[in-house]
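So for the sequence shown, the working numbering puts the first residue at 7; every next one is plus one.
These aren't lab readings, by the way, just hints derived from the structure by calculation.
Computed from a predicted structure; not experimentally measured.
Fair warning: there could be bad hints in the mix.
List time: in silico DSS-like cross-link candidates among lysine-lysine, alpha-carbon distance up to 27 Å [unchecked claim]:
1) 69 <-> 112
2) 258 <-> 112
3) 242 <-> 258
4) 88 <-> 258
5) 178 <-> 242
6) 258 <-> 178
7) 69 <-> 242
Quick list of the computed label-pair ranges, beta carbon to beta carbon [claimed, not checked]:
8) 117 <-> 166: 33 to 41 Å
9) 271 <-> 86: 16 to 24 Å
10) 258 <-> 118: 43 to 51 Å
C-beta: ideal position from N, C-alpha, C; glycine also.
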Amino acid sequence: MIDLDDSLAAEYLAECQDHLATAEAGLLAMEERRAGIDDEAVNRVFRAVHSVKGGAGFFDLTKVRDLAHQTEEVLERIRARKLVPTPERVRVLLLSLDRLREMIQKPAESNRADIADIVAALSALPSDGHPPAVQEGRRLRCLLVEDDFASRLVLQTFLSRYGECHIAVNGKEAVEAFRFAFDGERGYDLICMDIMMPEMDGREAVRQIRALEVAHGILSTSGAKIVMTTALEDVKEVIRCFQELCDAYLMKPIDLAQLRGHMRAFRLIQPGA
7 MIDLDDSLAA EYLAECQDHL ATAEAGLLAM EERRAGIDDE AVNRVFRAVH
57 SVKGGAGFFD LTKVRDLAHQ TEEVLERIRA RKLVPTPERV RVLLLSLDRL
107 REMIQKPAES NRADIADIVA ALSALPSDGH PPAVQEGRRL RCLLVEDDFA
157 SRLVLQTFLS RYGECHIAVN GKEAVEAFRF AFDGERGYDL ICMDIMMPEM
207 DGREAVRQIR ALEVAHGILS TSGAKIVMTT ALEDVKEVIR CFQELCDAYL
257 MKPIDLAQLR GHMRAFRLIQ PGA
């Protein structure tokens, strides 16, 4: 957690207001359209809400994170054509943005905010069913992107117990490995991506990887799970990475229990694994 009085927190909160304004404009346009789905507009709204959620954990803004996550899940169903954005449903999303804006404006009080009503309203919207079960006995395909040998060895040893673990030492190699995997039989399930690397940094690599998925008709939430790994001084860059649709982050030195927790949350491994 970083102090809310920190300059980085102030910058994040200001950016959140910009993200929420972007999302609101997109939803209002969606409400006026009333028919069909504008993919570009929905993706813009989704990315904005994901960016708000992404940095919230750094500052212990748990209610902001939770509400943004619930909002993001509804937007994902719209992106996947599993929920039609009728005016009534869009208005529920707009109410969620209003509540997020209120919490961002008073961050020190946000964890005491009552979000039960809006979470219930979001949950009441049509669901695409239960999340897919973890496949028993399925071996993962992991890509480890890290230029530091010691960090690479620790992660490679850990991930290898769950399946194949391929190595890239910079972002450029990561993108090439990802492209090569797409040309083969199967892409990657999990990517651990360092941020600060030579030739191409992690943020740019994530952007290009997500673009490759889009080109193959895969939404970010259905694609590879990307966990950024970083030192504390790179926090600002981690927050930026959520704008490129990474899924989580880990501070160095890597806590393998936390990584395992993310893998369980992503339903890549069984709860007891």
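Agreement of residue 178 and residue 242 with the hint, judged by alpha carbon distance not exceeding 27 Å: holds, 22 Å
Supplied distance hint 43 to 51 Å, evaluated on CB atoms of residue 258 and residue 118: violated, 32 Å
27 Å Cα cutoff - pair residue 258, residue 178: holds, 22 Å
Given pair status - residue 112, residue 69, alpha carbons within 27 Å: holds, 12 Å
Holds or violated: residue 88 to residue 258, with C-alpha atoms at most 27 Å apart: violated, 38 Å
Whether the CB-CB distance between residue 117 and residue 166 falls inside 33 to 41 Å: holds, 39 Å
Given hint residue 258 paired with residue 242 - CA-CA distance at most 27 Å: Measuring from Cα to Cα gives roughly 15 Å; hence the hint holds.
Cβ distance range 16 to 24 Å for residue 271 and residue 86, holds or violated: holds, 20 Å
Pairwise hint evaluation, residue 112 against residue 258, where the allowed Cα distance is 27 Å at most: Violated, at roughly 31 Å.
Hint consistency between residue 69 and residue 242 [alpha-carbon to alpha-carbon, up to 27 Å]: Status holds; Cα separation ~21 Å.
Hint compliance for this structure: hints 2, 4 and 10 are broken, all remaining hints hold.
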